[in-house]
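Starting from the given sequences, assemble the full structure and let the hints guide the process.
Sequential numbering from 0 applies to the sequence shown in numbering that gives the first Met the number 0.
Don't read these hints as lab results, they were simulated from the structure.
There's no promise every hint is true.
In silico SDA-like links for lysine to any residue, alpha-carbon gap of 25 Å or less [to be verified]: (1) K404 / P282; (2) K232 / V450; (3) K232 / G254; (4) K173 / G377; (5) K173 / R319; (6) K187 / D167; (7) K232 / R142; (8) K173 / F426; (9) K187 / A323; (10) K232 / T81; (11) K232 / A54; (12) K232 / W519; (13) K232 / A51; (14) K173 / A338; (15) K173 / A401.
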Amino acid sequence: MRTGLTGRAAALAALSLLLCVPAHAARPASPGPLGGTAAEAAGAALAARRAAARATADGSGGLDFRPCPDAEELPGPVRCATLRVPLDYARPDGPQISLTVSRAAATGAGGAVRQGALVHNPGGPGASGMYFPLVADLPGWERIAAAYDLVGYAPRGVGRSAPLSCRDPATGAKGPTQVPADPSPAYKTQRLADARAYASGCARRAGAALPHYTTLNNARDLDVLRAALGERKLSFMGASYGTYLGAVYATLYPGRVRRMVLDSAVDPDPRRVWYRNQLDQSPGFERRWYDFRAWAARHHDTYGLGATPAAVQASYARVRDAVARTPAGGVVGTGELRAAYLQAAYYDDVWPDRAAALAAFLRGDPARLTAQAAPDPGAAAEAENATAVYTAVLCNDASWPADWKTWDRDTTELARRAPFEAWANAFVNLPCASWPVRERQRPVAVGSQPVRLPGTLVVAAERDGATPYAGALELQRRLGAGASLVTEKGAGSHGVVGGRNGCVDRHVERYLLTGATPGWRVTCAPHPEPAPVSLDDRAASAHRALLPPVV
Numbered sequence: 000m001r002t003g004l005t006g007r008a009a010a011l012a013a014l015s016l017l018l019c020v021p022a023h024a025a026r027p028a029s030p031g032p033l034g035g036t037a038a039e040a041a042g043a044a045l046a047a048r049r050a051a052a053r054a055t056a057d058g059s060g061g062l063d064f065r066p067c068p069d070a071e072e073l074p075g076p077v078r079c080a081t082l083r084v085p086l087d088y089a090r091p092d093g094p095q096i097s098l099t100v101s102r103a104a105a106t107g108a109g110g111a112v113r114q115g116a117l118v119h120n121p122g123g124p125g126a127s128g129m130y131f132p133l134v135a136d137l138p139g140w141e142r143i144a145a146a147y148d149l150v151g152y153a154p155r156g157v158g159r160s161a162p163l164s165c166r167d168p169a170t171g172a173k174g175p176t177q178v179p180a181d182p183s184p185a186y187k188t189q190r191l192a193d194a195r196a197y198a199s200g201c202a203r204r205a206g207a208a209l210p211h212y213t214t215l216n217n218a219r220d221l222d223v224l225r226a227a228l229g230e231r232k233l234s235f236m237g238a239s240y241g242t243y244l245g246a247v248y249a250t251l252y253p254g255r256v257r258r259m260v261l262d263s264a265v266d267p268d269p270r271r272v273w274y275r276n277q278l279d280q281s282p283g284f285e286r287r288w289y290d291f292r293a294w295a296a297r298h299h300d301t302y303g304l305g306a307t308p309a310a311v312q313a314s315y316a317r318v319r320d321a322v323a324r325t326p327a328g329g330v331v332g333t334g335e336l337r338a339a340y341l342q343a344a345y346y347d348d349v350w351p352d353r354a355a356a357l358a359a360f361l362r363g364d365p366a367r368l369t370a371q372a373a374p375d376p377g378a379a380a381e382a383e384n385a386t387a388v389y390t391a392v393l394c395n396d397a398s399w400p401a402d403w404k405t406w407d408r409d410t411t412e413l414a415r416r417a418p419f420e421a422w423a424n425a426f427v428n429l430p431c432a433s434w435p436v437r438e439r440q441r442p443v444a445v446g447s448q449p450v451r452l453p454g455t456l457v458v459a460a461e462r463d464g465a466t467p468y469a470g471a472l473e474l475q476r477r478l479g480a481g482a483s484l485v486t487e488k489g490a491g492s493h494g495v496v497g498g499r500n501g502c503v504d505r506h507v508e509r510y511l512l513t514g515a516t517p518g519w520r521v522t523c524a525p526h527p528e529p530a531p532v533s534l535d536d537r538a539a540s541a542h543r544a545l546l547p548p549v550v
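In structure tokens:
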């Protein structure tokens, strides 16, 4: 569950897809009825009331939308504002932080009646939604953009919203990185030391603010944003981690939910948040890695990587062995190679490019592989920020095993059947084993809200690796009888809404415009697989745009 593509190009591109052993103690004192403490719940209610009062007094909402700062790189029709929220909701009059917000006003095209604001969270945690208003100009969004103000924002810690950093970005932007396929005890010891150093860096750089980057606080911020926008109830779209944020919001504030689309659902079972969810990803990624190899095998005439998935795996292994000896372009080692091909487990849109890069490399040309896998120094700061927020939120949200033996045992067993990503996933989350926050949150019991929710819409791809399909079933069950599940059968790209499936998009549009859900469970046929791209086709690099793969 990591943030993937970063930078303005990736964010703009993303728009076309829219998008055990005792651990550290959980937060104990004065628990609120659904999550956090009573003092935090009271502080959040006060902050929302104040935001609503300012919105009412202002007459046009409590946010001062103006042309966006150059740093946001957003065009003129989009306006930006800042929202002040408490750093610590138990101290609503204490230190405040500013969240950046963007908006494209409802166009009213075709005489559409305005239905308020539609707020989007793209996931992560660690991804920014500031580019979301740009979907107003994309085909297929016209009717939604006519009826809704499209509102994006950068959650706390992200971008210019009280940015969080855990280390110097320059330290993570260099290649090559050589990662063994089967880590030795010495390598594991080094990664454990690196994880502890990273966690210490988070504490050193964030100081007293570190415990306040949580899903509970993200949900409270979302409610203050709702109030500041002048909305009595929230209309929300969340993808990946954004589905968990939406589910927590719906549990805390069920009476304030209007419409909610939850795309590529995280399993909200408190027993799986977050350690077990991370373990669940690796078999999912393994299935998707197989899907990519099977597709490449079906197009052996184009790529020459092998006529079976096993043969394609052997071709990949040859490339891996080669860059272990001599990094491609001097910067792509086995670590960069794995990260680039993890994208194939998230999105089938990249399959033609990734297959072409392997084929070209094996024919003696490493340029394509270097272009696709080399670290981007220009995106280093954004990538470091996204990783810091991802780590802080997940580590703060729940207890994690503190004993390395637990991680080693579980991942060793998992790697026997899901080797593609098991160890990499464990290492990226390992700072949570030594996280320097004594009182972790207890995961919210999603679905325990005291009143029935209005109709909500869950969307999922049946073979999604990042958020396995079982999570969508669990989320629907917890949201109750009004929740509808739309499944893209036989597909696995992460992030379904606004992609290439008209069936899914029609259900989503109808729901947002009318509130009507399509039924308890409905299915859509999979979107078409990508067409192979010839090695001589220079348009190969112009592949379809992607949502950052988060969660």
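Tested hints:
no., hint, verdict
1, K404 / P282, "holds, 21 Å"
2, K232 / V450, "holds, 15 Å"
3, K232 / G254, "holds, 8 Å"
4, K173 / G377, "holds, 11 Å"
5, K173 / R319, "holds, 18 Å"
6, K187 / D167, "holds, 23 Å"
7, K232 / R142, "holds, 21 Å"
8, K173 / F426, "holds, 18 Å"
9, K187 / A323, "holds, 18 Å"
10, K232 / T81, "holds, 20 Å"
11, K232 / A54, "holds, 14 Å"
12, K232 / W519, "holds, 23 Å"
13, K232 / A51, "holds, 11 Å"
14, K173 / A338, "holds, 14 Å"
15, K173 / A401, "violated, 30 Å"
Hint 15 from the earlier list is the only one contradicted by this structure; the remaining hints agree with it.
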